[in-house]
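Please construct the entire structure, taking both the sequences and the accompanying hints into account.
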Amino acid sequence: DGGITQSPKYLFRKEGQNVTLSCEQNLNHDAMYWYRQDPGQGLRLIYYSQIVNDFQKGDIAEGYSVSREKKESFPLTVTSAQKNPTAFYLCASSIAHGQGTDTQYFGPGTRLTVL
Amino acid sequence: SQQGEEDPQALSIQEGENATMNCSYKTSINNLQWYRQNSGRGLVHLILIRSNEREKHSGRLRVTLDTSKKSSSLLITASRAADTASYFCATCDSWGKLQFGAGTQVVVTP
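If you read the protein sequences in the order shown, they are chains A and B. What the first sequence shows, in the working numbering, is residues 9 to 123, in sequence order. What the second sequence shows, in the working numbering, is residues -1 to 108, in sequence order.
Calculated directly from the structure, the hints in this document are not laboratory data. Since the structure is predicted, the reported quantities are computational estimates derived from the model, not experimental observations. Even for Gly, the Cβ is constructed at its ideal location relative to N, Cα and C. Please note: incorrect hints may appear among the correct ones.
Restraint-style ranges between C-beta atoms, simulated for each label pair [unchecked claim]: (1) A:Ser75 / B:Pro108: 42 to 52 Å; (2) A:Ser81 / B:Gly38: 17 to 27 Å; (3) B:Asn50 / A:Ile103: 15 to 25 Å; (4) B:Arg48 / A:Glu23: 39 to 49 Å; (5) A:Ile68 / B:Ala79: 31 to 41 Å; (6) B:Thr75 / A:Thr28: 37 to 47 Å; (7) A:Glu70 / B:Thr62: 35 to 45 Å; (8) B:Arg48 / A:Leu123: 37 to 47 Å.
Just so you have them, the derived chain A footprint on chain B, three or more residues with Cβ under 8 Å [said to hold, decoys possible]: (9) 20 to 32; (10) 39 to 48; (11) 92 to 101.
Away from chain A, derived, C-beta distances all over 12 Å, residues of chain B [to be verified]: (12) Ile11; (13) Gln12; (14) His55; (15) Lys67; (16) Ser69; (17) Ser71; (18) Arg78; (19) Asp81; (20) Val105; (21) Val106.
Structure, rendered in structure tokens:
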């Protein structure tokens, strides 16, 4: 899982609550990403950040929010507006975005269950 | 919708056999990457092949890319029980955005 950590590994949330997933990297990478994975499916991009204090919506950003105040950290908040938040969430980073160095390094993931 | 589509969805082989899985995609790409995921874990990058490359090797892995057919294949030779995992292809566009397929689940039995 490289130098990317995600916490917690398992998270349970009641409906109507916001919850924040942590992602930290010590790889000195500029770009960071959040993906969602549902059973038997591939990854779908939620948000990505190319540089500190900047981030862009991915394919399924509705109901999620992010911040990028530090290069090492890219927390994801799952808000109560997300209709079906139960999923496996993966954070990734890469040296840069869109400059031919596109290999992404993934964290171990957080499994979120809404009760 | 997902850019890459893997085939087959699942594959069961015995140790020592080769495993081949295919990936088809729809739009132009900058490169194509293969990742591996053990159950309940994050993804691990295996190999990247650029759009102007046709074949690439890494240890027991061989990847081919046919841009005219918009397809790629991943071959794992002399498989081991430790190769049991899900394998995903991901296409990368000129903006650096990755789009993943649904994956091929590979089971290698001793």
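* **Assertion that Gln12 of chain B lies farther than 12 Å from chain A (Cβ)** => holds (24 Å)
* Mind checking, does the region 20 to 32 of chain B have 3 or more residues with a CB under 8 Å from chain A? -> holds (count 3)
* Asked: Taking the CB of Ile68 of chain A and the CB of Ala79 of chain B, does the distance hold inside 31 to 41 Å?
  -> Given about 35 Å between the Cβ atoms, the range holds.
* Taking the shortest Cβ-to-Cβ distance between Arg78 of chain B and chain A, state whether it exceeds 12 Å. => holds (21 Å)
* Can we trust that Val105 of chain B is non-interface, i.e. its beta-carbon lies farther than 12 Å from all of chain A? -> holds (15 Å)
* Range agreement (Cβ of Leu123 of chain A with Cβ of Arg48 of chain B, hint 37 to 47 Å) -> Check passed, 45 Å falls within 37 to 47 Å.
* In terms of Cβ atoms, is chain A entirely out of 12 Å range of Val106 of chain B? -> holds (20 Å)
* Could you see if the CB distance from Thr75 of chain B to Thr28 of chain A stays within 37 to 47 Å? => holds (44 Å)
* Asked: For the pair Arg48 of chain B and Glu23 of chain A, does the Cβ-Cβ distance stay inside 39 to 49 Å?
  -> holds (46 Å)
* Is it true that Glu70 of chain A and Thr62 of chain B lie within 35 to 45 Å of each other by Cβ? -> holds (38 Å)
* Asked: Would His55 of chain B pass as off the interface with chain A, using Cβ distances and a cut of 12 Å?
  -> For His55 of chain B, whose nearest Cβ neighbour in chain A is about 17 Å away, the distance exceeds 12 Å, so it holds.
* Asked: Do the beta carbons of Ser81 of chain A and Gly38 of chain B sit within 17 to 27 Å of each other?
  -> holds (24 Å)
Checked against the numbered hints above, the structure breaks none of them.
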